[in-house]
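Novice: Residue-level listing of the chains:
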Amino acid sequence: MVQIFDVLIILVVALNFVALGVSRIRGVINAVALQGVLLGTFPLFVHSQIGRRVILLIVVTIVLKGRVIPVFLVQAMREANIRHQVKPVVSFVSSLLLGAVGTGLAMMFSHTLPLTKEHSDMLLVPASLSTVWTGFLMLTSRREAIMQVLGFLLLENGILLFGLLLLEAMPFLVEAGVLLDLFTGVFVMGIIIHHINREFDSISTEHLSKLKE
Amino acid sequence: MTERLVLLALIIAAMSGVPGLLFHRNSTAGQWIAVLLSVASSSLGITGLGLFWALGDSQPITLPWRLPGAEFSVAVDGLSAIFLLPVFLISVLGNIYGLGYWNQTKHPQNGRKLRLFYGLLTAGMAVVVIARNGILFLFGWEIMALSAFFLITTEDDKKEVRNAGWIYLVATHTATLCLFAVFALLRAASGSFALVPFENHGIEPAMATTIFMLGLVGFGIKAGIMPLHVWLPSAHTVAPSHVSAVMSGVIIKMGIYGQFRLTSLLPTPPLEWGAIVLGLGAVSGVLGVAFAIAQHDLKRLLAYHSIENIGIILLGLGLALIGRSLGRADLIVLGLSGGLLHVLNHALFKSLLFLSAGSVIHGAHTREIDELGGLAKVMPWTAMCFLVGAVAICGLPPLNGFVSEFLIYLGLFGTLGQEGQVPFAGAAFAAAALALIGALAAACFVKVYGAVFLGVARSQHAQQSHESGPTMIGALSVLVACCFLIGLAPLLIVPILEMGIAAWAPDLNEKGHRIAALAPLNWITVMGLLLIATLLLVGMWLRARLRKGGVAATVTWGCGYMAPTPRIQYTSSSFAQMLVGLFGWALRPRMRQPTHMTLFPRRADFHSEVADTVLDKAILPTFRFGAWLFSWFRVFQQGNIQTYLLYIFVALIALLLWR
Amino acid sequence: MTTVIHHTIHVLLALSLPPLLLGVIAKTKAQFAGRVGPPVLQPYYDLVKLFQKGSVYSTTTTWVFRAGPVVGLVTAALAVLMIPLANSSAPVSFTGDPILFAYLLGLGRFFTASAALDTGSPFEGMGAAREVTFTCLAEPAFFLGLLVLAKLSGTLQMGTMLGAAVAHHWSSAGASLALVLVSWFIVLLVENSRIPFDDPNTHLELTMIHEVMVLDHSGPAFGMILYGASLKLFIFGALIARLIFPPTNGDPWLDWPIFVLSTLAVAVMIGVIESTMARLRMTHVPVLLVTACLFSAFGIILLVR
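For the protein sequence lines, the chains are A, B and C, in the order given.
In the working numbering, each residue's number is its place in the first sequence (first place is 1) plus 514.
In the working numbering, each residue's number is its place in the second sequence (first place is 1) plus 2.
In the working numbering, each residue's number is its place in the third sequence (first place is 1) plus 3.
I should point out that these hints are in silico values taken from the structure, not numbers from a laboratory.
Ideal placement from N, C-alpha and C gives every residue a C-beta, glycine not left out.
Here's a subset of chain A near chain C, in silico, CB distances under 8 Å, partners left out: (1) Q517; (2) V521; (3) F531; (4) S537; (5) V607; (6) A614; (7) G618.
Here are the simulated distance ranges between beta carbons: (8) C:R308 with B:L538: 48 to 56 Å; (9) B:P229 with A:R581: 47 to 55 Å; (10) A:F650 with C:G37: 46 to 54 Å; (11) B:A518 with A:F650: 51 to 59 Å; (12) C:T286 with B:E201: 56 to 64 Å; (13) B:L538 with C:V59: 22 to 30 Å; (14) B:A208 with C:R308: 29 to 37 Å; (15) C:H171 with B:P425: 14 to 22 Å; (16) C:G37 with B:A588: 47 to 55 Å.
Generate the whole structure from the sequences, applying the supplied hints.
Specialist: Here it is, written out as structure tokens:
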């Protein structure tokens, strides 16, 4: 069981790199969606007993992160007539290397955190920190608004991973907070994409700097 | 006996350029005398080393010196001996090579100056290596540093040369400043300037770390470690090629020698020292070769490769330091033997490359790689020698570069730790860095060899080139033979390395840690010979087959393009383009490319250059800022005698009032 | 005595099997495309034919151009002596043999690329530049994978690193091994110029890597290049096969057929990938290679953290 969980966590981290290295926006959306689905299954491994509430939670997370949001994003892409290729500010190779550095630092940093013994041996904490880092990287190094949404989603995934540690103590609170947060984020960004597109005929956030005056 | 022979040799070397001053500037007699004296000096020196290696013969000489704290104290030990060998070998080969390359009749205005300082340089380096007293060490160091300055500025009528010389002079004095601090602190800690190892608790850890860091900067500047390398590329480029060979092969090794010697004196280091040295080694290695790939100037490219190889040597030293901190004898043995052997190997193949490059410059009168091409047809011997050097520097079997990299790899993999050993797995990542360095070096030398020697001549220069004379080719052949010898029979050199290790870590040999037990060097011999034999066999088979099947000759297939010109060949810049792009974050290439392409494109040109990022982006701005800052002091310079008298008066009053 | 027999089988198999892998890949691709395809033994016929042909040499070339195929073939042939097949250790086996192995292949690459530049053709220069550039990123990935295996097995000898204990490591450190497997498979694809890195079957020289580098070779020399390339494919295929199907501790005579079948399975896998994937854009190749490095690096971090 622990072995399988470790492999899944590694997959989550590997998907971070896929999200950073893929040039097609659809590819990034798929990677983030797959990561969401994987995250959805994690309560199975963390919870000692699996009740109805946990099942519900799993189903909601998987449907939301794996289906609803990707479909919504793809639709947004189609309607806004977005280019399919990512034009990164930092090159793909450099962002991969930066991601690797972040993951390495996360590995080192997670040892210094005051965690319980069982938690500090798990890969969960470094994976969560690494995912948060990837999210930040994507938010800062990609121009397209849709990539910003995806970076935000990655950030949320990382926080959700961390939240799994608290699952025993405060079961529902964390998920509710996270999901609400997420929904708001996507909602707001959706509106922003729509408006940028209408104003500037493009969704590059660079145009936003024109608004400063 | 050894010490006396070495002293005699270095005195003869120091004198070798003096008789030439008495002859007329158009006469070659002085040059021949210098060469003969140099041959005598090197034979004496190498005989001395042979005695030491064969018999362990060493009688330190100590004579009183009037200078306070100083003592004329010299000795040869295993470590000195390894560094002395290239000093004597490369300098004599350079001198012989100089007969053809820098003949007095061709260079009447600066040939005599060059040979005077060349001899002094050899002597200075020999003093550095055998000195056992801090003051004497600094004496030798300064003789070496200043003669190197005069050698770099041999052609001081050119602006480019003078600039390189100034940068070198500033850098070398910064290094000397650090070394003054190092020896002052050593004296403060031990009570004398004698260079003897500390007892294990004989020095405070903070003091030891300060000394180590200052030494790392001081010796690092001379060795050309990556952020401190700023003087190196331009100095190697503008100096005459046999001077570049000595600079790259031997002088920068003096910085490495300093680090080996200093770390052998200090007690058991903390783990961080090794980690720092290893990290610096990896950075120098990777970035050194990355900068090399981006160069268009043959000698500048080779200069950056020196930085790369210094990085590899530091990987070895870092391993040894880590081994000492962890108490892992195997890491010490593998790291030191790899590092020391690479010192020797780099001296051999880098001088070989610089001398071959000199031969190219001698024949084609340009250093610009993109103007050469097809030289293998007109300069077959030079091309062959350069190829051997190129394969050796890439660390490919069956040549010597592979052996030292192999030893360092074994040590790096060893840091993972087997059963019952203390691991330091972070260091193992340096193995990946070394693999990257090797692959990049291979890419770079395919580029150089291909662009300079293969294909078709790209310019008049290359077309009218000619092969060099026998003295130049002779000097090259000796180095080629040495590369093959070490590459095919590494066990021959093992006793020498073990004596070097014994000098660095005297307590190791008693425990019986031998190189041969840790590294299967006999297999390298077997595989090297097998490789050569199979190559010959298959080559002969192909030859017989070709004779039977018939051979037709035609022009190169241009994919349908029937009128190929030399200009359509891939140039060195186009070859390196992708790699330069990958390392763009460090190299900061400046490119000027044609933009608007209309239906009928006009004449367009493409230009790219990669300057030294550290020099351009860090050092020069700092110095400019300093110049601006100090320009405020001009306020005081009124040019008015009364004002100056006033200053003196004010200063006197201030001194009286103080306390 | 048994060692001698096993070594003999090793040499014979290593020299005779490689072209078959090329045939299997071609056949797999043909099946996917719904064609009958050339016979599986076609590469052997090609080789025999090439070795009997006359040659054409460009007037711009020197001896380096003639040495290129010889060095390429000989280094691959010596490297094949160093990898373990089904026997527990290869005929040439010592501590540090993977390093010599990698550098021998490096020597071959050095001369193949130099031979390409010797022709003075822009296309071949282009191929050589790409080959050496991509190798710069593949080499660290290979060595990082070696670190994982060295850490797991405690040695630096390929026979032991890929020995029977690998089966045990799959259960104790499966994640790391899986990462190495993916990374090395990418290395296999790039080292042998397969899709998604290179497509030898395109009609355009501008887009090729390895194939464009050897455009000017002909006759026996070209046969040597073809054979050397198949040896290289066999080498990496065997490494992957050993990683997935490590030899059992049981009957050594059973291990040989298992090994042959698993190597052919790797060839089929390559064929499937070639049929289902498109070639990557040239500018995107480094990204995939850096990913391979990161996978292996992550594998070693998992082990030592």
